[in-house]
Amino acid sequence: MTETVVRKRIEILADTPLARRVTDVIDQVGISGWTVLPVQSGSGRDGQWREERVTGADKSLILSIASEEKAAALVDALAPILTSHGLLLTMWNVEVIRGERF
Amino acid sequence: MTETVVRKRIEILADTPLARRVTDVIDQVGISGWTVLPVQSGSGRDGQWREERVTGADKSLILSIASEEKAAALVDALAPILTSHGLLLTMWNVEVIRGERF
Amino acid sequence: MTETVVRKRIEILADTPLARRVTDVIDQVGISGWTVLPVQSGSGRDGQWREERVTGADKSLILSIASEEKAAALVDALAPILTSHGLLLTMWNVEVIRGERF
Amino acid sequence: MDTATLQTFTSPVVLFFILGLFAAFVRSDLAIPEALAKGMSLYLMAAIGLKGGVAVAESGVDSTIGSVLLLGVAASFLLPLTAFAILKTLGRLDRTNAGAVAAHYGSVSVVTYVTAVEILELSGMPPAGYMVAVLAAMETPAILSGLLLARGIGGRTSNEQSDMMREVFLNASVVLLLGSFAIGMVAGPSGFAEVSPFFAAGFKGVLCLFLLDMGLIAARRIMSARTLTWRLGLIALALPLVNGMIGVFAGSAIGLEVGSAAAFGVLCASASYIAVPAAMRLALPEADPGIYLTMSLSITFPFNILVNIGLITATAVALAGPIGISP
Amino acid sequence: MDTATLQTFTSPVVLFFILGLFAAFVRSDLAIPEALAKGMSLYLMAAIGLKGGVAVAESGVDSTIGSVLLLGVAASFLLPLTAFAILKTLGRLDRTNAGAVAAHYGSVSVVTYVTAVEILELSGMPPAGYMVAVLAAMETPAILSGLLLARGIGGRTSNEQSDMMREVFLNASVVLLLGSFAIGMVAGPSGFAEVSPFFAAGFKGVLCLFLLDMGLIAARRIMSARTLTWRLGLIALALPLVNGMIGVFAGSAIGLEVGSAAAFGVLCASASYIAVPAAMRLALPEADPGIYLTMSLSITFPFNILVNIGLITATAVALAGPIGISP
Amino acid sequence: MDTATLQTFTSPVVLFFILGLFAAFVRSDLAIPEALAKGMSLYLMAAIGLKGGVAVAESGVDSTIGSVLLLGVAASFLLPLTAFAILKTLGRLDRTNAGAVAAHYGSVSVVTYVTAVEILELSGMPPAGYMVAVLAAMETPAILSGLLLARGIGGRTSNEQSDMMREVFLNASVVLLLGSFAIGMVAGPSGFAEVSPFFAAGFKGVLCLFLLDMGLIAARRIMSARTLTWRLGLIALALPLVNGMIGVFAGSAIGLEVGSAAAFGVLCASASYIAVPAAMRLALPEADPGIYLTMSLSITFPFNILVNIGLITATAVALAGPIGISP
Ligand SMILES: Nc1ncnc2c1ncn2[C@@H]1O[C@H](COP(=O)(O)O)[C@@H](O)[C@H]1O
Ligand SMILES: Nc1ncnc2c1ncn2[C@@H]1O[C@H](COP(=O)(O)O)[C@@H](O)[C@H]1O
Ligand SMILES: Nc1ncnc2c1ncn2[C@@H]1O[C@H](COP(=O)(O)O)[C@@H](O)[C@H]1O
Ligand code: NA
Ligand code: NA
Ligand code: NA
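Chains as they are written, first to last, in the working numbering: chain X, 1 to 102; chain E, 103 to 204; chain S, 205 to 306; chain F, 307 to 633; chain L, 634 to 960; chain G, 961 to 1287.
Hints are computed from structural coordinates only; laboratory data are not their basis. One should not assume that every hint holds.
For the chain X half of the interface with chain S, some residues (derived, Cβ under 7 Å), not all of them [to be verified]:
#1 VAL36
#2 GLU95
#3 VAL96
Per label pair, the in silico range of CB-to-CB distance [said to hold, decoys possible]:
#4 ARG203(E) <-> VAL706(L): 42 to 48 Å
#5 ARG305(S) <-> PHE1129(G): 34 to 40 Å
#6 ASP126(E) <-> GLU592(F): 30 to 36 Å
#7 ARG203(E) <-> GLN467(F): 48 to 54 Å
#8 ALA559(F) <-> GLN130(E): 49 to 55 Å
#9 ARG333(F) <-> ARG147(E): 20 to 26 Å
#10 GLU592(F) <-> ARG1126(G): 36 to 42 Å
#11 ARG1052(G) <-> VAL108(E): 51 to 57 Å
#12 MET1125(G) <-> SER373(F): 55 to 61 Å
#13 ASP148(E) <-> THR388(F): 26 to 32 Å
#14 ARG1186(G) <-> ARG333(F): 49 to 55 Å
The structure displayed is predicted, hence computed values, not measured ones. Just so it is clear, CB atoms sit at the ideal spot from N, CA and C, and this is done for glycine as well.
Isolated chain X (complex conformation):
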């Protein structure tokens, strides 16, 4: 049985032009890394959108694994811009191997 530890997984949906602002905050709170996935389309209160790379109207999904404290720090750091920047944040517990990295 390989040993696992519990960490937080945070996923943030952001407009692609704003993704760097989010990853900068992740770096600032001292989390060891992040990964960005492409997104194709969506729908919310503002209606539907489709990826429109030409006009920059596309979104990205940023995922990051962190310890509970760092995750909390990240949430606190992002909370003020969450509404103004239209971010969507979800967070949950995951098991990871080699947990000392995070």
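Chain X is already provided as a structure; the job is to place chains E, S, F, L and G with the ligands on it using the hints.
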């Protein structure tokens, strides 16, 4: 400490041509939104596939955040077509900020 | 109320050229399937990267749903190459419908 | 036939298709990015549409255009009937799958048509420009026909119904083909001259790369096919043979010149793998794409490209008699 | 005017744009992969930059180039002022949104410019090569101006400030346009000859497919627009009309020949939907893209392509007097 | 040398590469979609393969082709040996990383070769068509050699072994290069004529955009390199210099005409950044891509494009003596 609430995150893997059928159901049960991610390849009982956009043989991953009740309603609404449409559905609890949106 | 059962969801981030090695292991431990998502960019201890398909320096996210035992077998099988191959593995519980498939 | 067969196997277009098949069979990791493959298929449709429209603007409308359009619609609607019967009996498919497969064989493959046109032009027998309109007209009746066969009239909610109708009549290929055809007619030869370096000169090269990709996809699909029986494999060879002959005879009968008759034969012989699979996924999600895509894309398509275009051309030439053979 | 208007509606370039609008309005699923659309927009910028640079290398620098560059920068910086006033009062937008929208109308649309050049060339009135430099110069002053209007001086951390400045002065379009312009000047006509089959001969064809995509995007966006009022819709028609007239008069006044004066009018009339939206997303994330993108892309852009280029050209011709009309 | 150097810095191809480097260094957000970049690299390989095959079909096989193929395979297999020794001692790399890097320097870069051909053609010294076959032949021996150096014989399961061998001998570049070469030989000049507007006329333009992207990638990679020492940086300059000289001398010695000798020098000087990194990721996952990709792509590649092709050409010309210089 920013306050968070618990919501369900539902992810559904569907053939791209059928994705709209899934998102229509999400809209119908009154969930506030959804987001579609691209998928590249996979393997299941029917063998392996790779994204083949030309023939429409590609898949999409639809994710949606909803309250427990709405998530249950979505699952009930999708259950009948799950097998016939070859959908794969997973669901788990996540913490979200500004939970009143969902 | 549609009935759901609890399974493990395992997600593994790997360099695209190494993804097949991971999916081979998934097949070997007897898990019924897997799905690969594209990844765009990231940052870790080795610095930032962006998808560079020309040089093969891009990553993929492999997700797989499995029973608790098979998930443990997968983790055990991947543990030895996790560091050498630079894999990132997270795992958590999800509810699924038609759980007998997994 | 000699000419056409020879043209087939020294044409870079066909050779790239063979390279794709080969690369997939030896399990090379060669792959064309899907965004690009999709883009190339849109380019090919726009180009063929434009070219057809310009040809019609130039030559005016042939007296036979009305009859060949009608013939095309009829073929698209009726060819699925025999296919359905064969697939249910000899092929042992259930009703749903038989209907889905039948729809593919009534409809047409743009790339098969385009490849045939290349080969016919090299052999000095270019089909008429309006055949592009016939191509577009034949895309959809087969879908309706296949659906009727699969589940009779009735069923579905009106919401699904309208989704389906949109998919059938306004699917990307039909809109792009007919739209470009109309643009070609409005712009005419002088308007087309501006864009011809892109749409005409570049055409065969793009077709090479696209067929390379189709070769890869066709071979990979058949190598991982799990639900295909040998019975279905044989049917996927027999249907294009029979439909092609029906088409070339009917085309000659209504008085098409040899190139157009051959092209019409190829349209009947070809099976859709772009528009129809998408429609079937929506309308008959229970049908198995592992059956209909593998048959149309991995067996019928290569058979048409490598063998059947040559046979059909030879038949058209033979039917036209000694006078029909022009260099 | 007649000539230009006629050219507009028989040009495949414009017809493909109309096809895109049509396909989206009837809810066809036609779509160009975004990676390809992005690639085409980069191609168009590189090609137009190169062509401009080569033209300048060939013809040398006209005496008016200094004044027209200055005029362009001034227009880009000042046109947002009136736009802002109108958007706040008649348009009832708040300061942030009014500033964001105003920036779009001061800046320019590369594709509108390129389409105008095609139409002007067909009408025998090609603008001077250095107008590409004017195009590049007009991209960014409007961004600064719009930001100042939206939130005055001050605010932001220096980190955000430097992000923003990079976005403004080193955004992809500016770097690619000016870089290709410089390459065109260095390589000159002989160097350009090597690459002209790709960058010159293929140009209009790529523009066709790109405008097909822009038509799809523009129409889909307006169909799902939720935050656009009819007041804003009208302003999105009025601003290009007024700015276009200002531009063509100012251009004629400083002595530009008729093609360049028309081109300058088109630059003033056009609204950015590539560089400025990206900058606004970063600098004014609170502003609503549903307003600024819908106005610039879904209303102003089609209006310019279909109507306003013709009007501006006619005005430029009229201003140039009877001598200015050459076939 | 003068001619070649001059050609280097006024060629749009090279200028676009410099633009890419520049844009990345000033941190512009300019980026080519990866699907497109991948597509362009496939296009370039297909085009160069076709061109070589047609040239061989046209000219027949030169008597030297056997010896130059042999020489190429030997160079690819042996050049990693010296590189390995240098990388372990002066470069202070461990065995795994030294073997991985060495493999890159024995193998070749298609785009470096293609750029050299452009420059040689402009200077009136086109290399022979069969050099494309040499290019393909040199891709893989270095991989085997590097692996042997990194971990001796033995190890691995047979499953991994077969994976690896497939990667080595059937990797996308080798299959596409040799496949297109064969198609070019079969189709010959007349078959190629059909597709030459796409594969020949468009070639340099695509190369421009591809090199723009390579410039962006090379510069971004070195800017974020964390594991590269100055020792390794110097070795990444020294190896192409030394290998290039070895190549051009050996090529001249076996009697290649000046263009082919220069091309062979460039092949030896160039380092792979497409086929080999992918193979190393599979075969030596413990090796650090931050080292081998940064060295080959960010240092050696720009050095070859901007400086070393000129040096090698000058050397080839000098070796050929006064008679060798033909316009
Ligand atoms: N904490 C993290 N959260 C999410 N992704 C990560 C994290 N750390 C590393 N990664 C991803 O894993 C890749 C390799 O990480 P590393 O081995 O630390 O260089 C990075 O480039 C990221 O894409
Ligand atoms: N409930 C939800 N579940 C998943 N994604 C959502 C949800 N609500 C919004 N989104 C995503 O977030 C984007 C912006 O949402 P909104 O701010 O509500 O317009 C949408 O376009 C979706 O992509
Ligand atoms: N256990 C699994 N984990 C992750 N994805 C799966 C799993 N089983 C199936 N899939 C995905 O669902 C698709 C259809 O599965 P199936 O219906 O079993 O053929 C596969 O091609 C995979 O992409
Ligand atoms: Na048919
Ligand atoms: Na403007
Ligand atoms: Na080498």
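Hints, verified against the model:
Restraint check, VAL36(X) versus chain S: the minimum CB separation of about 5 Å is within 7 Å; hint holds. Hint on GLU95(X) holds. Least Cβ distance to chain S is approximately 5 Å, under the 7 Å limit. Checking VAL96(X) against chain S by beta carbon gives a least distance of about 5 Å; that is within 7 Å, so the hint holds. Between ARG203(E) and VAL706(L) the Cβ separation comes to about 44 Å, which falls inside the hinted range of 42 to 48 Å.
Evaluation of the 34 to 40 Å hint for ARG305(S) and PHE1129(G) yields a pass: the beta carbon distance comes to about 38 Å. Remark: the range hint 30 to 36 Å for ASP126(E) to GLU592(F) is contradicted by a beta-carbon distance near 19 Å. A hinted range of 48 to 54 Å for the beta carbons of ARG203(E) and GLN467(F) is inconsistent with their spacing of about 34 Å. As the Cβ distance of ALA559(F) to GLN130(E) is approximately 52 Å, the hint placing it in 49 to 55 Å holds.
Taken as a hint, the range 20 to 26 Å holds for the pair ARG333(F) and ARG147(E), whose Cβ atoms sit roughly 22 Å apart. A hinted range of 36 to 42 Å for the beta carbons of GLU592(F) and ARG1126(G) is consistent with their spacing of about 37 Å. At roughly 53 Å, the beta-carbon separation of ARG1052(G) and VAL108(E) lies within the given 51 to 57 Å, and the hint holds. Distance hint check: the CB atoms of MET1125(G) and SER373(F) are about 59 Å apart, consistent with the given range 55 to 61 Å.
A hinted range of 26 to 32 Å for the beta carbons of ASP148(E) and THR388(F) is consistent with their spacing of about 29 Å. A beta carbon spacing of about 36 Å between ARG1186(G) and ARG333(F) contradicts the range 49 to 55 Å that was offered as a hint.
The structure does not agree with the numbered hints 6, 7 and 14 stated previously, though it agrees with the rest.
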